[in-house]
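Let the sequences and hints guide you as you build the complete structure.
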Amino acid sequence: MNRALASRLLVGVLALEIVVPAVSLATTSTPRHYAWSMFVESSTDYRYVGLTGDEAQVPLDPAEVGRPWSAIHYGPQTPQRLCALHPELTSVTRFYDADLESVQPCG
Amino acid sequence: MIPETVPGRPLAAYRIVLGLVAVVRALALTANPYLGNRPHPLYPFLPALPTPVWTVVGLVMLAAAVLVVLGDRARPAAATVGICVFVLMWGAGYYGNGAYLLATMSILISFTRCDAGLALRPRRYADGVWAPPVYLMRAQVTIVYVYAALGKLSLDFLSGNGLASWGIHSALAPRFLLVLPVLVPMAVGAVATELFVAVALWFRRTRPVAIALGLLLHLCMIGWISDSLIAVVELTCFAATTTGGYLLFVDRLPRVVERRLPETAPAGDPRPVRRPRDTAWPARRGSPRTPPPSAG
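Read top to bottom, the protein sequences are chains A and B. The numbering of the first sequence is the numbering used here, which starts it at 1235 and goes up by one. The numbering of the second sequence is the numbering used here, which starts it at 1276 and goes up by one.
Don't read these hints as lab results, they were simulated from the structure. For every residue, glycine included, the Cβ atom is placed at its ideal position computed from N, Cα and C. Any given hint could turn out to be false.
If you want the ones that stay clear, here's a sample from chain B, every Cβ over 10 Å from chain A, calculated [said to hold, decoys possible]:
{"hint": "1", "residue": "P1278"}
{"hint": "2", "residue": "L1302"}
{"hint": "3", "residue": "N1312"}
{"hint": "4", "residue": "G1366"}
{"hint": "5", "residue": "K1427"}
{"hint": "6", "residue": "V1463"}
{"hint": "7", "residue": "L1470"}
{"hint": "8", "residue": "G1498"}
{"hint": "9", "residue": "I1505"}
{"hint": "10", "residue": "D1526"}
Pairwise CB distance ranges (calculated) [said to hold, decoys possible]:
{"hint": "11", "chain 1": "A", "residue 1": "A1318", "chain 2": "B", "residue 2": "L1430", "range": "32 to 40 Å"}
{"hint": "12", "chain 1": "A", "residue 1": "V1245", "chain 2": "B", "residue 2": "A1323", "range": "36 to 44 Å"}
{"hint": "13", "chain 1": "A", "residue 1": "D1279", "chain 2": "B", "residue 2": "V1459", "range": "21 to 29 Å"}
{"hint": "14", "chain 1": "A", "residue 1": "D1288", "chain 2": "B", "residue 2": "L1470", "range": "48 to 56 Å"}
Derived, one-sided and incomplete: chain A residues facing chain B with beta-carbon distance under 8 Å [unchecked claim]:
{"hint": "15", "residue": "L1248"}
{"hint": "16", "residue": "E1251"}
{"hint": "17", "residue": "M1272"}
{"hint": "18", "residue": "I1306"}
{"hint": "19", "residue": "C1317"}
{"hint": "20", "residue": "F1329"}
Now the structure itself:
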C-alpha cells in the first residue's frame, strides 16, 4: 500500500474516532457505549424522611429547598434546610437507595 | 504540520505498556466466566457461545499480549489483541471503557512501526518510524479526554453527587472529604483537568504540566473510585493505557530510563533493513527516507 492511500485510510480512522463517540453521546442515554463516558449518571434513588415529635415518619421533597440544594445529596446542607422548613421535625434522614445514608438532627 | 518520522523508542515503550495491560486484562477476561460473570452477548442478534470458546479467545489474547511485550511479531500480535478484546466485548458481553480503549489502541498501534526498538527481534526500517499512525494514536488520547469531560457536564456530576456516591463506597477516600467545599471544586477541577490535558499534551511548553496533572488525575481516580482490589486493578489498567499514551507525545524517554536501556541497533547488524514498498514515493534530499547509497 502506498503512503498516499495509507494517509487517506488514517484520515478515515480519525473521522471514526471522532464520530463514533459523538453519535453515541447524542443518541443514547447512560450507560453509553463507545462514548468514553466514564461517569454513568447516578441511578441512585435519594429519599428524605422526616421524623416528627410523636415518632411519625413524613416523606419530604428536597425540591422544597430550591436549587442548588435540592440536587445535592450529600453533606448536611440539604437536610438542614429541610429541618428549617419543617420546625415540627426532630430529624431528617436521607436514604441512599434502600440504605440509610445519614441522619440530621433538627433544632 | 505532521513530521514524516518520529523517534521509535517512546512508541516502543508504549507498546510494552500496552502489552502488559493486555496480559493483565487477558488473564482477567479468561478468568471472568469462572468467577461468576456468565458470558452473554452484548447484542441480542449475536449467538450465545459456550464458556470454553471465550477461554480459548482469552488464551489467544494472552499469547498475543506476551508477543507485544517482547516485540516479537508485535504488529500482528497487537492486532490480534485488539480483535480478541472486541470479540470478548461483543460476544461475551465484557464491555468496559478500559477494554474498549485497550482494543482501540491495540488496533491503532498495529498500524505503527512499534517493533523498531525495545524488542527481542527489532525490525529495522530504512525510513524510520512513519509519524501519521502515531499522530492518530495521539489524537485518540485527546479524544478520550475530551469526551470523558463532555460526559461529565451534568448537574449530577458537577454538584459533587457522583464523587460523593463513589466516595461513600471507596475503601481509600476519607469520609471527611465528602463535603460541598471539597467535592464541587473537585468535580469542576476534574472536568477542567481533562480538557486541559487533552489540549496541552500537544504543545511542548505545556506538556510537562499536562503530564503531571494527568498522572495526578488518574491517581485520584484510582484512590477515589476503587471499592475493591479488582477495581484498583481495573482502574490501574485504564490509567496505564491512557497515561502510557503520553509517551506518544515525547521525543525521548526520561533520562533515568534511557540510561538503563541498550543502545539502538548495533553497527554491523546483519538483519536486513526493511525498505518502503512505495519506492516511487518522492524522497527529499537529506530526508530520512532518502535511500542509503548502495554498497560498491
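So, going through the hints one by one against the coordinates:
1. P1278: Non-interface label on B/P1278 holds, nearest chain A Cβ at 14 Å vs cutoff 10 Å.
2. L1302: Non-interface label stands for B/L1302: nearest chain A Cβ at 23 Å, farther than 10 Å.
3. N1312: Per Cβ check, B/N1312 is outside 10 Å of chain A; nearest 17 Å; holds.
4. G1366: holds (15 Å)
5. K1427: Label violated. Min Cβ-Cβ 5 Å, cutoff 10 Å.
6. V1463: Non-interface label on B/V1463 holds, nearest chain A Cβ at 13 Å vs cutoff 10 Å.
7. L1470: holds (13 Å)
8. G1498: Its Cβ never comes within 10 Å of chain A, the nearest being 15 Å, so this holds.
9. I1505: Its Cβ never comes within 10 Å of chain A, the nearest being 17 Å, so this holds.
10. D1526: holds (21 Å)
11. A/A1318 to B/L1430: 32 to 40 Å: violated (23 Å)
12. A/V1245 to B/A1323: 36 to 44 Å: holds (38 Å)
13. A/D1279 to B/V1459: 21 to 29 Å: Because 22 Å falls inside the window, the suggested range holds.
14. A/D1288 to B/L1470: 48 to 56 Å: The hint (48 to 56 Å, Cβ to Cβ) holds, given that A/D1288 and B/L1470 are roughly 53 Å apart.
15. L1248: Holds: closest Cβ of chain B sits about 6 Å from A/L1248, inside 8 Å.
16. E1251: Where the cut-off is 8 Å and the nearest Cβ of chain B is about 5 Å from A/E1251, the hint holds.
17. M1272: Holds: closest Cβ of chain B sits about 5 Å from A/M1272, inside 8 Å.
18. I1306: This interface hint holds because 5 Å falls under the 8 Å limit.
19. C1317: For A/C1317, the interface hint is violated, since the closest Cβ of chain B sits about 17 Å away, which is over 8 Å.
20. F1329: violated (13 Å)
Checked against the numbered hints listed earlier, the structure breaks hints 5, 11, 19, 20; every other hint is satisfied.
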